[in-house]
Amino acid sequence: MRRGFALAVTATMALAACTQQPAASPAPSASATPVAQRGAGGELKILYWQAPTILNAHQATGTKDNDASRLVLEPLASWDKNGQALANGLAAEIPTVANGGVAKDFTSVTWKLRTGVKWSDGTPFTADDVVGTYTYMCDEKTAASTVDVCEGVKSVTAKDPNTAVVTYSPAQPFYFQWGVGFNTPIIQKAQYANCLGVKAKDCPADLKPIGTGPYKVNTFKPGDVVQYDLNENFRDPNKPFFKTVTLKGGGDAASAARAVFQTGDVDYAWNLQVEASVLKPMAASSTTGRLLTSYASSVERLLINFSNPDASLGDKRGEPDTKHPFFTDIHVRRALAMATDRASVASQLYGDGLTGKATCNILTAPTAMESKNSDSFDICKFDLNAANKELDDAGWAKGSDNVRAKGGQKLKILYQTTVNSVRQSTQAIMKSNWEKVGFQVELKSVPASTFFTNTSPDGANHFWADVEMFTNSGDPNPTGYFRGWTCKTATGKANNWNGSNYNRYCNPDFDKVVDQMAVEADQAKLAQLAIQANDILIKDVVIIPLINRVAPTPDGVSKALKGIDVSGWDSVMYNIADWSK
Amino acid sequence: MGRYIARRLLIAVPTLIVISFVIYAILALAPIDPLSQFGADPRVPAEVRERIRESLGLNQPWPIRYVKWMTSMFRGDFGVSFMSHSSVGDLIAQRLPNTLAVVGVAYVFGVLMGIPVGMISAIKRYSIFDHAATTVAFMGFSVPTFFTGLLLIIIFGIKLRWFPFIYSSTTQVHDLDSFVFQIRQSIMPITVLGLFNVATIARYVRSEMLEHLPLDYVRTARGKGLMERLVVLRHVLRNSLIPVVTLVALGVPTVFGGAIVTEQIFRVPGIGELLVTSISNGDIPVVATVVFIFAVLVVTFNLLADLLYAVLDPRIRYT
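The listed protein sequences derive, respectively, from chains U and B. For the first sequence, the numbering used here gives the first residue as 1, with consecutive numbering after it. For the second sequence, the numbering used here gives the first residue as 1, with consecutive numbering after it.
Calculated directly from the structure, the hints in this document are not laboratory data. Keep in mind it's a predicted model, so treat the numbers as computed, not measured. By construction, the Cβ of each residue, glycine as well, lies at the ideal position given by its N, Cα and C atoms. One or more of the hints may lead you astray.
Rough simulated footprint, nothing fancy, chain B against chain U, three-plus residues with beta-carbon under 8 Å [to be verified]:
#, stretch
1, 197-207
2, 260-270
3, 325-333
4, 346-357
5, 430-437
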């Protein structure tokens, strides 16, 4: 999930793609932090600068919707901060091969559900609702944005009122694909009975879903505010702590930061994308709030184009079968990587650990899957002399204009990203260094809403530029993430610019590693393969990773607020039942 | 007069149709995509996006979508928002009270303040009051609202903590406390917008008055021995107000349009804020409807202003 820096796009959180991890920990039960008394806490004030527009996560168009929905709708289990399944949802326990919940051949998962759970309207929750959720979200006509987790799910059935069985075909080593995390919140079958298929498009339930979560919707004004009341039917009699929750949307990140750090007007301010130089002193001197910094797999990276973006190619422009005029030369790519000063970007723009830290890996989490090898790669070190030498040796000679050329081909780079002050500053740092080694760099910035779309010629998908920059992240199981650099996912006219391989990189050796990952159930072996895949992409300079960004987002919270335990793999609201003051 | 109104209304129909077509064409041809919200999120892959696009009806050619949209508009159905799946009419109905409470009040305030300020400035030309008013008006006119807005937030919201800077649209005024809260939370946005409105109108009134004061009919009125108060109020002001009325009438649709920047800064969920977020979300039905309603209001108030002109100025007769 590529997280755009700018407005709109924050969309995506980690999680949930097609393939995840058989990571099953016998999870602690729902109560991680004991909460004194239900409803003792008054009002919890949450501020999002992007306002939720819908409260059914299956129709979500961004993190804001997923998060706002999570207070009400719960999945079977959540992803904890280590990328392990956590039984704080509707499942009584996490199924494993050992406890018999997971078939040895990975074709089915039997979920034991909590007993006695009620919907906020007082009706009992049963396995039928789990089946109903499957029927709703996996019907193609519903056009749910979460439908990707249905891939390979043959059926979801109710064995008895408290047991749901998910069957995969073919076998799915990542057997938590359906059921865990914010992609599979369970909706009430009865409420959605008239919202299946094409009727899902304008379903009133989306604005006021009945849920099993700790809170229920009182008032929802799309694009503005959600007011929640405590759900008296919540299964844990001591939770939640707050009587009401107000989730206000709109405005800008900077004043949201002020509201949590300077005036204490709100208890939680989401995604404070403010320049590090402004945010750091504000957070440091605050008596009311603190900044949440947790890391997962969010990486701001540079993509190198392997296809030819030249406009004169007409219909062939940027097609996967074209060749880039100079990036096909590994020495040029290596020189570019060596002239990349990620340390300065990290310290000047991300406050050295405040909102991000330098990295030379494209996969930074789970920890066991992060490569340690890249530390020793020469291309991961900022060295202008080495970069110059690399180009000299490869025969790219500097002309009178200080731009290198070979055989009439100049090293002219068009470098695009979204409109965002941090990104524009990053571009400036890159440009000054790259020009020192003989590249000519032209900068371009596109509004995020135009950049992250397959329909725009200025977009990341078309990639009609030489280098582009944005953030993306993987899942607890990184197979789906790495599939985004395999030959067959190359973006182009044939797939309506919807392929995830924007680089149009194609390397059969890399594809082989990814294919192995897709069938590997052993976590240690999977980690080895993931490290191998990471190292190929780095050494071959397909991407130049810059910054491991705080995940899911750099949020500000009131110092008084307890029980927050952010997971980079799930919605920040995944354990809101445990929050207290 | 009746024939004139009928003719103007008849002309309005093709005008609005052309406007609606232009609005829709621009939106359809602009590189905005309701699915761009997903970013490059791989959990929403290509086929899923195509399916969602199809479910939103975006796979049809835009002229067909335009005709469908227009015909349902005639039936009073504004369509369904791509983002919230709720009817555009409901969204606008939710936003309108906030816009009226802030932008509308600021406008009324601007008119009520602007006219006397401009009037006094003109009568007491070059007095201290005139200099002060002209300076303030000049500033209010030229300093952008995002600047004054942020300034007020930092001074009164953060340093002094007098007023909240996060507008709560769920406040219901039912007693004195909630009324006071409503005033406290709207005072900053109203000041920002009001300052601008006062400035615009005061400058206008002042220059109109100055134009009229030396005219012969004013001298005649004074010569008749009328009290100065009557001369100013009944003769000069009335005549000076004719163009001001037009200005005020034409400004009313902008109230409906909300204040894009100010609403965003103070988190007032008004029409302007709805418009700007819908544009960035690619929520075409909402954008098209809001802009179209705005166009209808502009056309209507244009007509109204012309009619008022005739009422105020007996020399003008429409046939």
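Results for each hint:
no., hint, result
1, 197-207, "holds (count 8)"
2, 260-270, "holds (count 4)"
3, 325-333, "violated (count 0)"
4, 346-357, "violated (count 0)"
5, 430-437, "violated (count 0)"
Checked against the numbered hints given earlier, the structure breaks hints 3, 4, 5 and satisfies all the rest.
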